[in-house]
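Got chain F sorted already, so can you dock chains W and B onto it with the hints?
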Amino acid sequence: MNTILSIAAMNIKFVTPRGLLEAVHEVSLDIPVGSSVGIVGESGSGKTVLSRAAMGLLSGSTVRREGKVVFDGKELTTMTREQVRNEFGTGMAMIFQDPMTALNPVRRVGTQIAESLRIRLGMSKKAAVVRTIELLSLVQIPDPQAMLRKFPYQLSGGMRQRVMIAIAISCSPKLLFADEPTTALDVTVQSQILQLLSDLRRELKMSMVLVTHDLGVVAGNTDYVAVMYAGEIVEQAPTSELFANMKMPYTEALLKSIPTIHMQSGKRLAVIEGRLPDPTSRLQGCSFAPRCPYVQPKCTAEHPPLVNAGNDHLYRCWFPLGQTIARKQ
Amino acid sequence: MRATYFLQRLSQLLIVIFCVTFGCSLLLQLIPVSPAEILLPVGSPEERALLTKEIGLDRGPIGYYVKWLSEFVRGDFGDIYYSGGREAVSSRLVVAFPRSLWLMLYTQIVALAAAIALGVWSAYRVGRRADKVISNVLFVFSSIPGFAIALVLVLIIGVRLQWLPTLDYQPYSAGVWEHFKHMIMPVLSLSVGLIASYTRLLRADMIATLREDYITMAASKGLSDRRILWRHAFRPSSVTLFTSAALNMGGLIGGAIVIETIFATYGVGFEVFAAISGRQYIALQSLVGLISIFYVVFNVIVDFAVGFVDPRTRDRRVNK
Amino acid sequence: MSTNKTYTVPTYAAFGWLTFSTFLAVFGPLLPVESFRTIHGDFLDAKPFTAGHWFGVDSNGYDIFSGIINGARLSLFVAFITVGIGGFIGSLLGITAAYYRGRYDSIVNTAFNVVLAVPNLVLALALVAVLATNVDINEAVPTWRRLATLMISLTVVIIPILGRIARASALTWSGREFVVAARSMGMRDRHIIWRHIVPNVLPVLIAVGFLAVGVVIIAEASLSLLGVGIPDGASWGGMIARGRNDLEYNPHALYFPIIALALTVISTNHLGDVLRGRLDRREARL
Numbered sequence: 001m002n003t004i005l006s007i008a009a010m011n012i013k014f015v016t017p018r019g020l021l022e023a024v025h026e027v028s029l030d031i032p033v034g035s036s037v038g039i040v041g042e043s044g045s046g047k048t049v050l051s052r053a054a055m056g057l058l059s060g061s062t063v064r065r066e067g068k069v070v071f072d073g074k075e076l077t078t079m080t081r082e083q084v085r086n087e088f089g090t091g092m093a094m095i096f097q098d099p100m101t102a103l104n105p106v107r108r109v110g111t112q113i114a115e116s117l118r119i120r121l122g123m124s125k126k127a128a129v130v131r132t133i134e135l136l137s138l139v140q141i142p143d144p145q146a147m148l149r150k151f152p153y154q155l156s157g158g159m160r161q162r163v164m165i166a167i168a169i170s171c172s173p174k175l176l177f178a179d180e181p182t183t184a185l186d187v188t189v190q191s192q193i194l195q196l197l198s199d200l201r202r203e204l205k206m207s208m209v210l211v212t213h214d215l216g217v218v219a220g221n222t223d224y225v226a227v228m229y230a231g232e233i234v235e236q237a238p239t240s241e242l243f244a245n246m247k248m249p250y251t252e253a254l255l256k257s258i259p260t261i262h263m264q265s266g267k268r269l270a271v272i273e274g275r276l277p278d279p280t281s282r283l284q285g286c287s288f289a290p291r292c293p294y295v296q297p298k299c300t301a302e303h304p305p306l307v308n309a310g311n312d313h314l315y316r317c318w319f320p321l322g323q324t325i326a327r328k329q
Numbered sequence: 330m331r332a333t334y335f336l337q338r339l340s341q342l343l344i345v346i347f348c349v350t351f352g353c354s355l356l357l358q359l360i361p362v363s364p365a366e367i368l369l370p371v372g373s374p375e376e377r378a379l380l381t382k383e384i385g386l387d388r389g390p391i392g393y394y395v396k397w398l399s400e401f402v403r404g405d406f407g408d409i410y411y412s413g414g415r416e417a418v419s420s421r422l423v424v425a426f427p428r429s430l431w432l433m434l435y436t437q438i439v440a441l442a443a444a445i446a447l448g449v450w451s452a453y454r455v456g457r458r459a460d461k462v463i464s465n466v467l468f469v470f471s472s473i474p475g476f477a478i479a480l481v482l483v484l485i486i487g488v489r490l491q492w493l494p495t496l497d498y499q500p501y502s503a504g505v506w507e508h509f510k511h512m513i514m515p516v517l518s519l520s521v522g523l524i525a526s527y528t529r530l531l532r533a534d535m536i537a538t539l540r541e542d543y544i545t546m547a548a549s550k551g552l553s554d555r556r557i558l559w560r561h562a563f564r565p566s567s568v569t570l571f572t573s574a575a576l577n578m579g580g581l582i583g584g585a586i587v588i589e590t591i592f593a594t595y596g597v598g599f600e601v602f603a604a605i606s607g608r609q610y611i612a613l614q615s616l617v618g619l620i621s622i623f624y625v626v627f628n629v630i631v632d633f634a635v636g637f638v639d640p641r642t643r644d645r646r647v648n649k
Numbered sequence: 650m651s652t653n654k655t656y657t658v659p660t661y662a663a664f665g666w667l668t669f670s671t672f673l674a675v676f677g678p679l680l681p682v683e684s685f686r687t688i689h690g691d692f693l694d695a696k697p698f699t700a701g702h703w704f705g706v707d708s709n710g711y712d713i714f715s716g717i718i719n720g721a722r723l724s725l726f727v728a729f730i731t732v733g734i735g736g737f738i739g740s741l742l743g744i745t746a747a748y749y750r751g752r753y754d755s756i757v758n759t760a761f762n763v764v765l766a767v768p769n770l771v772l773a774l775a776l777v778a779v780l781a782t783n784v785d786i787n788e789a790v791p792t793w794r795r796l797a798t799l800m801i802s803l804t805v806v807i808i809p810i811l812g813r814i815a816r817a818s819a820l821t822w823s824g825r826e827f828v829v830a831a832r833s834m835g836m837r838d839r840h841i842i843w844r845h846i847v848p849n850v851l852p853v854l855i856a857v858g859f860l861a862v863g864v865v866i867i868a869e870a871s872l873s874l875l876g877v878g879i880p881d882g883a884s885w886g887g888m889i890a891r892g893r894n895d896l897e898y899n900p901h902a903l904y905f906p907i908i909a910l911a912l913t914v915i916s917t918n919h920l921g922d923v924l925r926g927r928l929d930r931r932e933a934r935l
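Residue numbers (our numbering), protein chains in the order written: chain F, 1 to 329; chain W, 330 to 649; chain B, 650 to 935.
Hint data in this document are derived by calculation from the structure and do not stem from the laboratory. Heads up, the beta-carbon is just placed ideally off N, CA and C, and yes, glycines get one too. Mixed in with the good hints, there may be bad ones.
As the list claims (entries may be wrong) - What follows is a set of in silico ranges between Cβ atoms, one per label pair, in the way DEER data are often shown: (1) W/Ala533 / B/Asp838: 32 to 38 Å; (2) W/Val371 / B/Trp843: 53 to 59 Å; (3) W/Ala533 / F/Val307: 47 to 53 Å; (4) F/Thr188 / W/Ile630: 43 to 49 Å.
What the hints assert, rightly or not - Listing some non-contacts, in silico: residues in chain W with all C-beta distances to chain B over 10 Å: (5) Pro374; (6) Glu376; (7) Ser420; (8) Val423; (9) Ala537; (10) Val629; (11) Phe633.
The shape of chain F in the complex, shown without the other chains (with noise of 0.2 Å):
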């Protein structure tokens, strides 16, 4: 199996007055290509700095870097800021949570869409222009004529998102990072851009990363997912397989803090108790174990490695669900 994108022991840390911060530890994920990987977890995980490193887009005297990637063939982790920007847009293309925040507010839609294309492909002002009237009807942005004017302020979020959407596929990228693309949106529009989504992505044959909090958004719109926790990769299947046969407590829970339509009125959603551990000293054993349901004195004590259950489904727990193992409940 081809892989667009290989990040291999990724260590991320920042430096803060209060010492380094970890964000991310020891991470090594494939991403297959033509396929729609989902990285999952709480805000602070660590989800959104993997993917901006994996792009390279942490710069700043602050940001601590280690390990590799390879991004269709090219190894980014080696070449250097100019190298690495000219994958950028027909390479690798994002698109940002905040449509609101992500896009210059001083600057006409028009501009910015045209921008790429302009300065990436080359191309002439008229040819832009024109191209960028595709893009915007492609992401399905009624009279795109009148929106090339348009400055962001003057859009509703789902247009704003369908905006960078444009920009980020204005280039045709071989792989789309969304992170957390629907997050600042209204449900009924959110599914709309899920929806949008999963078609260009077949539409333009493009592999995808798709990072959210969000376990339902997962589960229809990816085929491999990674679960991550405190900076570390804690569990990792085919997204059928993580649903059907789920290992890790952790995991377990993101899906129980999910609302869904079945749920009896009145019943509480369940809630993950206690907060991620503190980023800037890691502990001993298992990072969920302050939080675990099911912790074990194992737990607490040592900490558990990555293992594989079969079926690429990894997971890093030493009482993993579904096994007949005696816990407290």
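Structure of chains W and B alone, referenced to chain F:
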């Protein structure tokens, strides 16, 4: 809707102009002696009475103000009196105003150009050595008054090295180089402090902008750093910078008193000083009125310029 | 800037310089230094580091070191008093305006804007000119009155600068829940302003007050250069004004007061900045 806003803003500013000039004419009433006595120290009582009537001082504070205002609006800024004659303020301004205007213009151009370059660069390199050096050096310069810089420049460049003339002003007609030769030191003295404060403003806003998602977004499009800085980050970061620059215009036109005195540029600032030290209160009132009009006009201009720089404010205003 | 250290070497240096010059200002007359008015006829235009005259002597025969010590007293005295009084009046107006809002607020705010529309120096000059006019215009104005006039004028310049800051800060604080809560408990306005708003506005005012001290020192020096500063040219600005007259032959008469003045302004500006930074961090944590 924008017209309403415009009128509202304009009326606020007209109130400011009114208060400033009316305050000036009230100051006149505070003087324990009759202004005519000061203006005509050697005149006879009849001459003084005539002058009092001519200026309108016999009409009480409000009558005087109305008279002054009606003349001011028509471009009659009063006269300057000296022993043996008088001179219209407007005819002196014809000479002084262009000097101040050039001085202000060059100062702003130099200050903004330097501050934009330094501010963008130090925000881009925030926390690194270049940023620290720029910030610290500018901080020191911002604390040194312009006249101190002027005097040191005069001493080193003018007197010791004799590279540039230390006094006087030359118009364009005397030759471009002659013109600039007389402008370099005054402009430098005025702009050093401005460069420091402008750079500070721009750097702070620019750092905030560079943390925005849309900058990461621009980076993910594969744009060069230079393009991101100038095309994406600079404009949304420059509102405070240009606002503050515009608000300095009035002060630079009439407030560059010390620098204009040191270099004998004799612009509007010097006229203000001359009016004060010669106790030419009517002239002073007109000059202060003109300066505050400048202040107000640039206030309005900046309000609308901000709309161009940051389109979001165009609609926000209407809602307010 | 991102360091967590509150006090750095420059901060200590700034604090040290201000303490030192305040010490000179207060105890200057008690120090075993000759009066700044003594004329050293044998040492006219003496260079710095001449025995007995560390900083040299100017062309009038005045010892520059003594002049600097004496100037510290006048420059700092005028600056601190002016900022103190101006800050008090300004914050009184600004805070009450922000608290009571309404017509009173718009009057105060307009008044601030009016004063700010006139350049600092023009305003101070005009006030000095008008207030120092004698009934008999040929009679000299006494020194104390010229000094008082100068300080009143500079105070008027300072009032809107600090008043505006006080108003802006008080506006944000009077909207906070604890003020609304205090009001709903029926507390008196004066009590709320004094106990809830003033303590929160004060730190910002002190920080900006340091910057204002620099503004006043520079303004006084500018006025001295124009001949209407502290009488008798005894302040640092006055020394600069005199040094300017023979800067070609005796530049150190110019350099030393400029250095003293610049160091003081750099110190107050720096301390103002440090205080502001601490406040911003405190705000960020809240």
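Quick check: does the Cβ-Cβ distance between valine 371 of chain W and tryptophan 843 of chain B fall within 53 to 59 Å? 58 Å, holds
Range agreement (Cβ of valine 307 of chain F with Cβ of alanine 533 of chain W, hint 47 to 53 Å): Check passed, 50 Å falls within 47 to 53 Å.
Given as non-interface: serine 420 of chain W, partner chain B, CB spacing beyond 10 Å: 21 Å, holds
Least C-beta distance from alanine 537 of chain W to chain B larger than 10 Å: 13 Å, holds
Cβ separation of threonine 188 of chain F and isoleucine 630 of chain W, checked against the hinted range 43 to 49 Å: 45 Å, holds
Does valine 423 of chain W really sit off the interface, with its C-beta more than 10 Å from all C-beta atoms of chain B? Consistent with the label, valine 423 of chain W stays out of reach of chain B, its closest Cβ about 20 Å off (over 10 Å).
Using Cβ atoms and 10 Å as the threshold, tell me whether proline 374 of chain W really stays out of contact range of chain B. 16 Å, holds
Is the nearest CB of chain B more than 10 Å from the CB of valine 629 of chain W? 13 Å, holds
Is the nearest Cβ of chain B still more than 10 Å from the Cβ of phenylalanine 633 of chain W? 19 Å, holds
Going by Cβ atoms, does glutamate 376 of chain W stay more than 10 Å from chain B at every point? At about 16 Å from chain B, glutamate 376 of chain W clears the 10 Å cut-off, so the statement holds.
Pairwise beta carbon distance, alanine 533 of chain W to aspartate 838 of chain B, judged against the given window 32 to 38 Å: This hint holds: roughly 36 Å between Cβ atoms.
The structure meets every hint from the earlier list without exception.
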